[in-house]
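Guided by the hints, dock chains B, C, D and E onto chain A, whose structure is given.
Just so you know, the sequences run in chain order A, B, C, D and E. Reminder that position 16 of the first sequence reads as 16 in this note's numbering, one-by-one numbering, no gaps. Reminder that position 92 of the second sequence reads as 92 in this note's numbering, one-by-one numbering, no gaps. Reminder that position 283 of the third sequence reads as 283 in this note's numbering, one-by-one numbering, no gaps. Reminder that position 109 of the fourth sequence reads as 109 in this note's numbering, one-by-one numbering, no gaps. Reminder that position 11 of the fifth sequence reads as 11 in this note's numbering, one-by-one numbering, no gaps.
Calculated from the structure, these hints are not laboratory results. The reader is advised that the hints may include incorrect statements.
Said to hold, decoys possible - Lysine-lysine pairs mimicking BS3-like chemistry, simulated, CA-CA at most 30 angstroms apart: (1) C:Lys-263 x D:Lys-211; (2) A:Lys-109 x E:Lys-612; (3) B:Lys-95 x B:Lys-113; (4) A:Lys-109 x E:Lys-454; (5) C:Lys-226 x D:Lys-52; (6) B:Lys-137 x B:Lys-160.
Said to hold, decoys possible - Estimated spans, in silico, between C-beta atoms of each pair: (7) B:Ile-58 x A:Thr-118: 54 to 62 angstroms; (8) E:Arg-280 x B:Ile-58: 51 to 59 angstroms; (9) A:Thr-66 x E:Asp-481: 35 to 43 angstroms; (10) A:Lys-174 x E:Pro-560: 38 to 46 angstroms; (11) E:Asp-481 x D:Ala-221: 53 to 61 angstroms.
Here the structure is a predicted model, which is why all the values come from computation and not from measurement. We put the beta carbon where it would ideally sit given N, CA and C, even for glycine.
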Amino acid sequence: MSLLKIVRLHKDFGGVIAINALDFHVDEGEIVSVIGPNGAGKTTVFNLITGMQAPDSGEILFEGETIIGLTPDVLTGRGIARTFQNVRVFANMTVLENVMVAQHCRTSKGAVSAIFRTAGFRREEEEIRERAAEVLSFFGTRLVGYRFDQPAFMLSYANRRRLEVARAIATQPKVVLLDEPTAGMNPSETREMTELIGRLRDDRGITVVVIEHEMKVVRDVSDRVVVLDHGEQIAEGSYEEVTSDENVIEAYLGRPARAH
Amino acid sequence: MADREPVLEFRGVNTHYGPVHILKDVDLKVFDGEIVCLLGGNASGKTTTLKAVLGMVIPTTGDVLLNGEVCSDKSTSYRVERGVTMVPENRRLFKRMTVKENLEMGTYLRTDKENLADDLERIFELFPLVKERLGQKAGTLSGGEQQMVAVGRALMARPKVLLMDEPSMGLAPVLVAQNFEIIEQINEAGTTVFVVEQNASMALSIADRGYVLQTGQIVLSGTAEDLLSNPQMRQAYLGEVD
Amino acid sequence: MSKKMKFRHLGVLVLVFALIAAACGDDDTADTTTAATTADTTADTTADTTADTTADTTMAPMAFPPEAGAWGGVLIAAGAPVEIRTLQAISESVAFLGVDQNRGTELALEDFGDVLGHPVNLGTAEDDLCLGEGGASGATAIAAQEGVLGVIGTTCSGAAFPAIPIFHAAGIVLISGSNTNATLTSDFQGNAGENWMNNYLRTAHNDLIQGAAAAIFAYDNLGLRKMGTIHDGDPYTSGLAGSFGLTFTELGGEIVVATSVAKEDTNMVPVLTEIAAGEPDGIYFPIFQPAGDFIVQQVGGISGLEDVQMYGADGLITPDHFSLPETEGVYYSGPDLGFDANAGFTGETYTNLVARYEAAYGELPTAAFHAHTYDATMMLLFAIESVAVEGPDGELWVDRLALRDFLYNISDFAGVTGTLTCDEFGDCGGNVVSVILNLDSDDPQAGIGNVVFRAGKGAGGEVVILPLG
Amino acid sequence: MKLLKLPQQRKRRFGFVDSFLWAVRIGALVFVVVGIFGIPGVAGGPEGSLFKTLSGEGVSGEAWRDLFISGLAQGSMYGMIALGYSLVYGVLGFINFAHGEVFMSGALVSFFAADAFATAGIWESQPVLALGFTILVAMATSTIVAVLTERIAYRRLRGSPRLIPLITSIGMSFFIRYTFRGLFGDSFKTYPAAPGVLEGRATIFGVEILKTQLTVIVVTAVSMVVLYQFVARTRMGRAMRAIAEDREIAALMGVNVDRVISLTFAVGGAMAGIAGVLWALLFRQVHFLTGFLPGIKGFTAAVVGGIGNMAGAYVGGLAIGLVESVGPLLVLDGWGIPAVSQLKDVVAFSALVLVLIYRPTGLLGERLSVEERG
Amino acid sequence: MNPLAATSQDSVRSAVKVGLLGGLGYIFVSAVGMVEGLGEKNVIDPILSLGYLMLIWVGLWAGHRAGAGALPGDGVSVVGRVWLGIVAGVTGGLLASAFLIWINTFVVREVFTNISPALIELLNLRQGLGTGVAVAIGGGALLGGAGAAIGTLTPLMRRALTGSFLWVLIVGFLEVILSQIFREIDLGVFLAFLIVGVTSWILLRNFGDSQRVLLGGLLAAFVVGVLVSQALSEVNLGLRFIPDFAYINRVGGRALTLSAAAIVFLVAFAATVLFDGRRRAMRARLAALEPAERQKWAFGLVGVFVGLGVFLPMILGSVVNELLSTTGLFLLMGLGLNIVIGYAGLLDLGYVAFFAVGAYTMAILTSTSTARNWAPELSFWEALPFVVLAAVVAGILVGTPVIRMRGDYLAIVTLGFGEIARILFLSEWFSGVTGGALGVTKIPPIELGFYTVKGTDTQAVLYLVLAFVALAAFVSYRLQDSRIGRSWMAMREDEEVAETMGVNIVKAKLLAFVMGAILAGVGGALFAVKFGTIFPASFSIIVSITVLVLIIVGGMGNIPGVAVGALVMIGILGGSNSSGLLREFAEFKLLIYGALMLYMMLNRPEGLLPSKRLARELHQEEAVQDAWLQGEIEQGEED
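Chain A extracted, bound-state conformation (with noise of 0.2 angstroms):
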């Protein structure tokens, strides 16, 4: 069964259209790429998936069960979580209040108990924390220690990205949506960030849709690629496959020279 199933999903902006009849699946386990050009309505996409937006009309279902109408709250809950194209963490933030507001919705001591300090709320504290510090060890190095109580926005662009993810994960997700994650990453940043994709799905056994330029990245990390243009799947399959269809070409790619 999929994990995320859209079917004929529709969604229009005062008359011009996003999303057009988009239909895509992702199966448990799998890592699936999203690209097309700009504007093609690939964030879109993630923003109804996560409840952002609303679709106008079409089904999106999740683990068989309609996912339109809920809150992104909720969704989170559910096991969706994401990451935005233009890096949105909590700039200021500590690195490590970052992902432990990440896990909101996995713990649940209201605030007559924060008052109080009862056990109960002063061990779930405990736990969130722990959680905290080993969800940011995931990157080694780059984001444990000093940088804990660091505002996020001393961190260096990677970083933030990296701090990004590490909040989706803390968010205990089933399926993980990655928006350009390595966008403004140089070579080596980038080849990390490819093998982080991969570990996800390996050592945490979350899904993961990315959405991506780079088509190294894609090349790399895909089971599965979907090509989106004028808000309609043109293309489906594994990297080979897209990356020789015409109209991919013609629409996304242009010459082949170009893509590496």
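What follows is chains B, C, D and E alone, placed relative to chain A:
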């Protein structure tokens, strides 16, 4: 080449951001008719260099020269008037204005209103699609179209030097390719282009010469061919593992 | 004593230092300031004497000072001033009321002169802000100062509520020239008001009188049968409009619309239209400036209200308002101001007082209550003088309870506002209300003096109509 | 169908907030409709203001007309003030709370000009000249105050978190207000009555209108059209819009950002200055607190119309003016609520809340600056 | 030799500029009426009135700025700097003279009401225009020079000099309060203070490591202190000779005598010079401690301060107590608004509505006035749960419609709600319940069982208010550092992202509104009891703004910051509806308010006592620079 006057020149430019020394003794020259690229990773000082060209950052020491004139502490508009303009990263059109108004914004400082129609024609020649979209709000255009308008807007200023900030950043391969084609076209039409880019292989494929910036210093420079074959370059910036 | 001597020596030493400091400043500054005020001489003497006499009191062996009453007493050293204070609304939009009253107090001080050879000190004027908060904090600040015998204030009844108990706890009497809220004293039927305390008195009238008298005039004299009323959300205007309505209805009239504006309102068309819908014969609007100005200015433009009789109240009895052409033909109820010929305690006539007011402050009185406050101050000073016991060395002893009792028993006290007699709940004012008619906006003073109706309090608390003049 | 769709509103499962908002929407609608028409046939229930008018006991037809027109006049001035908020918000992305004081400054200072004209008799003999000059004085004062405000306080705060300029503008508002109080005193300045030519009523399309109100409506409408043309057509106007969208890129086009932002404040100030004189013409009393409430209403109007949107400011101003003039009698009176005029601000602010619940970006939609888009 | 020769033209030019500004300052304080308005209040008798002080201040400031404005490269000497100060002073004096000549020649009072004959007299020193001009220029030069000279002193001397001068002013200014304190202080409190102070000093020195001993000892000392203070509360300490000596009583107000002023100055000066080194050493030693060690010390010190603080209201006298309890009420609101804005980032400008709801609920349920016989006459404690309930309902009613509104929309809508609430409380419509314009009177005092807290009993009210403030601060602290606090913070940073991280925005926002409403509501309830009467006028929009201002001036997001803000803006300056310590400035309060807000926002936007987070946020650039310098950012550029 030495006898030619550079249209854009940095002479020992140092910039500081508070106590932080960003650009360190940067020297570079861009001659008329060239495509020159400035390569560097994140936070290498590329953006600061651009800001220094445009007068958004004033060098603490050293000079920025435009057409041989020292412009180090001149305002942005002064420099724009003297023929520098930029196509910003991510296009950044005025989305609520029409395409036409966007193009007109490019002529903000020009006084030779009589030539505007010709210039507009020139843009249409370059990008026939733009003509069709003239009355449309810029925000409604597709990514590729927006890129054309952004370049068109810059060209309307009749720049001597066109600065391109990260023309490949976050773009689909086909758009990246289109972008670099446009750059070549513009250059062929006589405009000097200064490309600031992280994607070294792409940039060097069209450039005449290149500089490599690393933590505020020029560490390599030379013709595109030289740079492409430089082993250090290949490893650090072209992403080749071996 | 030796300790004090030590201080003296030190004092001399540092005086040298201070003089050098002063010399560094401008010589002129120092000279002129001292020369211009007579304070320096008093200051010097008090500096020498205060410490001594205080020391004396603690060891005083015999009859002077006498034993203090339940509220304690105040010993005033020879030459030291008698301390009284003011607590009025002197900032923001109601400043014109409070400042006017403070001027009344200052003029009274001038007229009364020294109390048994002691000057009278007003200290820092406190601000009641026309709010409970201001009343409380001002009262606290005053009560904290030593030897304050009485306070003139407050401007607003709202400020008086929390202030009265504070003064009560300190044994200080509070006399207001402009509080009119009925619950502060009594209902005239022998029942104490809810907020009455026995340290409170006033020379202003009681709302019950004005509202009732104004209604009687409207019904009987003007022959109005259907009235609209407007207040502005202020407790004073709201209470007045309310008591007007009550009497007017009792008389057989009808309040067709009882409505209100906000103090900041400028566009009065909606409120006037609302009233016009009730087709009234007249509109009673006992509010303040500028809202009152806007109402008279805009009423002419409202269809249905062309012939309506406008009728304001004391908040608008100002030269400013009366100089608006639109106020011609408008009636105003208010405390009786027909006291031009009245002579106060010191024989000063009101006419003369106004002239001095204008000379001193560069403008005509900005409100009506300076006269009441003048009388209130006079009453207080007279009472202090009457109950004070003089000591052997020029000291004064004032028993607070005696002072209170004296004030509560004042009768037939000649004031510029008329003859004052305090009742058992502290209402001292003549409680004479008049209605005036403005006829000529070019001569606002004449308008203010044009009394067409007078009424006062009868023996049983009822309203009795008084002869004009 | 399309119209019913709420822009940018996410379609969600019907949660607490949705039920609440729908309850408010429906409740408000019922309240308004019943207030206007009453419940026919139900004796003792709300009568309905319209029904009352028809049965001859409520507000007369003429009175409705007067209310409507005075609301329009009041609203025109709100619109003029709203414009200053909207322009600044569009360009700098913060609420300039001191704008109410800019309005006040013009009204207050121009009093001295008007007073001088009145004393010299020019006010009556040359009303157009005198009025024109008075307006010029007001415009100049307000413009100077607005530009100085920007120069002294706001310029240094560009790019700081939004709360900072907001608080600064509140501080500025206090400072200007009490400086003016200190300089010119706290008495009410009574403007000379409108010159003879503006007395009484004129008839336009068969409707009688007080000439002063007509003047206000016409002058504001003309000013708005002129300003709109300026912003839409001229190079400077384009620069203003460009800065509103993306300050950095505008600078890149050679726009002198500082100068254009000053110009924006100047334009907003000038409009407020005109509004100040018109205000004085209608109400004739100005003092240092005059700016406070109109300032808040102006801002409300800007939001109701769609902040950052020039036409929206004007429309919002008219809407707020009308609602607070007509609303209390039209809706509340029908319910038999006493002293409805007292509640006109309640009606105005409730209208604001309702507009934002129905249309979260205001009547004509917002136009936000680059910071907003985040 | 021309001492200016060594200075560059730029320095001179900037000195002239500063001088002109100073001149404008002279004109400003004169024309807005400060000089005359404050002219009567003497601080030091007879040489210094507040009015002149304003002018002196302007001159010193200009000189100081001009001196400090000398370019570092100039190598300007002391003499050079003083000369620059004099240049500025003379320039300012010339401008001031022009003003003087103008107002002496023309009668401008018709327009500028505060340029009265009395002011002209004051400025001319009652000697005619010539003297006025001479003094303006001469005094300008003198003050300018002095101001610049102060700038050339060593920091210690400068601090000592200005500090001592400030002390003289403070002592002169606080005549009423200080007199009352000295007059009324009783032996019991004095001893209690002594006992707690000395005991805690000994404890901290010797048993700093053992929290248990420390706590036990402090508690014991505290209990003994309370017993002693109660036992000896009737015995006056007999310090009244101090105010009798220090102040001179003259018609127009009491002022500091010259000799007392000199003593205060000398003592303060000596104290600064003598103890400055020690204080610094202490601070350095504290800073050098291990974090755990420092925490212990901090713990101990907090204990001491609390212990001493408990006795403070017994000493401070009614005026300060009254001010502090008003401050406390605003602080309660501030803490609530701090949750709403500081933590959750919801810009609420109608916050006073909740305060009003609390006050009215308490008033209506408890009032014994006959005007409302229909209402129950509950006690404070019985009514308090209803106050909380009403606040919760109000929080939800206001919170829900605005859940989906962004920053400034939220601001105007909440502002609207605030006005709606006030007008409804005022309206005829609801006057049956709320009393309309006539308010609610006769709200009874609070029965504690063993004591009745009357509104007039400032000391008891203060204790009560402080207890509630402590509770509110405690709740705030606990919430801030919890899952909920973090979710608020995340929401403040980026609402959308917070939602995708699993934060339920609706719940989080409503909770913030409700918590804020409860704190304000309880504040309102105390307000009602304290004054015994309430009127709608107390709940105007300006209160909302005052609270907003105090948390921002104090330091948003930081509880001690909010407290400092409340102290400065309410306690010292006085709020919109209350007078502060500086009562003499009442007329210019809001002008000063405005100026202070401008100054703060332009120069110290993070507030007086900022939270680390906010300070970081506002000084991000500097933080990033530091990070770069420390190699924290790998390749480190700001882009």
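Checklist entry - Range hint 54 to 62 angstroms: satisfied by the CB atoms of B:Ile-58 and A:Thr-118? => result Check passed, 58 angstroms falls within 54 to 62 angstroms.
Checklist entry - Is 35 to 43 angstroms a correct range for the gap between the Cβ atoms of A:Thr-66 and E:Asp-481? => result Since A:Thr-66 and E:Asp-481 have Cβ atoms about 39 angstroms apart, the given range 35 to 43 angstroms holds.
Checklist entry - Taking only the CA atoms, is the gap from B:Lys-95 to B:Lys-113 under or equal to 30 angstroms? => result Roughly 24 angstroms separates the two Cα atoms, so the pair holds.
Checklist entry - Regarding the pair C:Lys-226 and D:Lys-52, is the alpha-carbon distance no greater than 30 angstroms? => result It holds: about 19 angstroms lies between the C-alpha atoms, which stays within 30 angstroms.
Checklist entry - Given the proposed pairing of C:Lys-263 with D:Lys-211, does the C-alpha separation stay at or below 30 angstroms? => result holds (26 angstroms)
Next on the checklist: A:Lys-109 and E:Lys-454 were given as a pair; does the straight-line alpha-carbon distance stay at or below 30 angstroms?
Outcome noted: Judged against 30 angstroms, a Cα distance of about 40 angstroms means the pair is violated.
Next on the checklist: I want to verify a distance hint. Is the separation of the beta carbons of A:Lys-174 and E:Pro-560 within 38 to 46 angstroms?
Outcome noted: Because 44 angstroms falls inside the window, the suggested range holds.
Next on the checklist: Tell me if the straight-line CA distance from B:Lys-137 to B:Lys-160 falls inside 30 angstroms.
Outcome noted: holds (28 angstroms)
Next on the checklist: Check whether the Cα positions of A:Lys-109 and E:Lys-612 lie no farther apart than 30 angstroms.
Outcome noted: holds (26 angstroms)
Item to check | Status of the given 51 to 59 angstroms range, CB of B:Ile-58 versus CB of E:Arg-280 | outcome: violated (39 angstroms)
Item to check | Distance restraint hint 53 to 61 angstroms, applied to the beta-carbon atoms of E:Asp-481 and D:Ala-221 | outcome: Holds, since E:Asp-481 and D:Ala-221 (Cβ atoms, about 57 angstroms apart) stay within the stated range.
This entry does not satisfy hints 4, 8, going by the numbered hints stated previously.
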